[in-house]
Amino acid sequence: MKNVTTHLVVAASLIALGACAKKKVEDLPLPPDNGSATATGDADADAGRPLPGSQEDFVASVVADRVFFDTDLFDIDAEDQATLRSQAGWLARYPQTRVTIEGHADERGTRDYNLALGDRRANSAKNYLASLGVDETRISTISYGKERPDAVGSDEGAWARNRRAVTVTVR
Amino acid sequence: MRALVILALAIASPAAAQLSVDVDGTIGDDLSIAVPAMPTPQVVQTGANPSATDALGRAVAEVIASDLRGSGLFKPTGPSGVRAIGVGEVTAPQFEGWASQGAAALVQGFVRANGNGEITVGCYLFDVALKTELTRAGFAIAPRDWRRAAHKCADAIYARLSGESPFFDSRIAYIAESGPKNNRIKRLAIMDSDGANHRFITNGQTMALTPRFSPDYKSIVYLSYLGKRLRIFIYDVAAGRQRLVTESANATFAPRFSPDGKSILYSMAVGGNTDIYRISAGGGTPVRLTNSPSIDVGGSYSPDGSKIVFESDRSGSQQLYVMGTDGSGQQRISFGGGRYATPEWSPRGDLIAFTRVTGNFRVGVMTPAGGGERLLTNSWQDEAPSWSPNGRVLQFFRTSQGGNGKSSVWQVDLTGVNERRIPTPIDGSDPAWGPLLP
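Residue numbers (the numbering used here), protein chains in the order written: chain A, 207 to 377; chain B, 4 to 441.
Just so you know, these hints were derived from the structure itself, not from any lab.
Among these hints, one or two may not hold up.
Unchecked claim - Cβ pair distances, simulated, as ranges:
#1 A/L279 / B/R335: 18 to 28 Å
#2 B/G308 / A/A266: 51 to 61 Å
#3 A/L279 / B/G84: 55 to 65 Å
#4 A/A266 / B/D353: 57 to 67 Å
#5 B/G352 / A/S260: 52 to 62 Å
#6 A/S260 / B/S309: 54 to 64 Å
#7 B/E121 / A/V376: 49 to 59 Å
#8 B/A145 / A/T343: 54 to 64 Å
#9 B/R335 / A/R299: 46 to 56 Å
#10 B/L247 / A/D341: 19 to 29 Å
Using N, Cα and C, we set each Cβ at its ideal position, and we do this for glycine too.
Required output: the full structure, derived from the provided sequences and hints.
Put into structure tokens, the structure is as follows:
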């Protein structure tokens, strides 16, 4: 019963915030249950479900593991805010978990500048998570500049995918 | 390397109608210059590659011809396709024969085993029409260093005919790249200025970026992702060890040596804001040089060590600024359309090279006051120029477009006409040209 209540609260808060969440409410994961329910539950029901608190669980649980930026910019817009709120919610459930935010740029800037720009973007995401109550000491940042593109093309679509800050859990 | 004093004495040049090339000229002005294989008085195996002194004589001539060709100022012929010469001919050229083949200048020389494990490489430059010697140079060296002797000969010829300082006998540090675009392996590597004597320094497990040779070539400062952090290391080339330049919880990157090698400029990002700092190459307390809420990054000293050019987006886009070495008097010098990045001050002091970003990346130069801008290349992405020791040639890296986009090291002279790719075993970026070797 407790699980269901928490679930509803999380879902309600997302709706209330009017975020353009990319996942349906049904897809939102169950929050952790402090062990008791899992310990007594049917093992088969958990098959294929990511280990709670794992990177897989994080990716499956949040709106997205990354936020995107406009060319040369590093501001957190409404869509990014919804994504980061979902990340902050997950992090609140796993207070022992730390994350690294990887900042990236597209290939249309020079190498050193893009390292600085990636750092800016990672810190934008970090600061927003911190404003939502995530302890800053749990968040580290690293910039990869343009050195690690996600999309390899040289077109607007690829560049938009590469201007990103990706949250990765640290074991 | 020991230069032979007796050979290194230049002969007084004739007063009239001297041969010369103009480094600011165009491709039509190329000077035809014959470079026959260098004979040896006695064929001796040296253990070098190639080993025999006659094969070395041919290889030395090939390197000289290749250097001269690569400078864009000369049209060398030989050693293939030109007549082999005898040892007795080296200092007594058959000028009429070379003139009939259209050669304006002639490079002859010899390779001799000295019996003490060293070889001597001697080279002579002649004016074919005037039938006079213009310069000569000779070097007693370990056989394995034969390429350096060839570069020194080419340098003597280039300097004599162009009136410019030499640059062939120098080395490049760069980043060797391989693997798919979204997971490139980036390794620190070094090579001669023509791509020979290539050596990987890091093994690729950790990403390496933006190397710079110290002025004495003893060390290389670069950015390493060791420990999944951005930190600057100094790699000791002889010892094969490296040490951290500065310990910080923040990302530190974009390292540059000062001209005397005693200081290092670097950039540090604190909470998303990047500024430029200076630290002693031996470590110590860093000094902050810029203090703006924008990205201030990179930097390059003027050759006299009195000023620094750097890039900043404080105006809203990346532009070039000059400041004193203590950070005083920061003044913007670039005002064209688009963005300006990666400024590098010429070792001659007269120009600043940069990357201009207007969609495409192009390599260009301007004066330290921001005047006389000229773009030298025109490709999809030409980035991060690095000056030759004489300030007449730039190396940069060129990236091709698309999912299979690769990067390669290129060279262009100040005319913008003479452009060529530098051969590397795998892809390459971030070439950093060191000074002339001693």
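For each hint, the structure was consulted:
no. : hint                        : result
1   : A/L279 / B/R335: 18 to 28 Å : 22 Å, holds
2   : B/G308 / A/A266: 51 to 61 Å : 56 Å, holds
3   : A/L279 / B/G84: 55 to 65 Å  : 59 Å, holds
4   : A/A266 / B/D353: 57 to 67 Å : 60 Å, holds
5   : B/G352 / A/S260: 52 to 62 Å : 58 Å, holds
6   : A/S260 / B/S309: 54 to 64 Å : 56 Å, holds
7   : B/E121 / A/V376: 49 to 59 Å : 58 Å, holds
8   : B/A145 / A/T343: 54 to 64 Å : 57 Å, holds
9   : B/R335 / A/R299: 46 to 56 Å : 50 Å, holds
10  : B/L247 / A/D341: 19 to 29 Å : 28 Å, holds
Going through the hint list in order, the structure satisfies each hint without exception.
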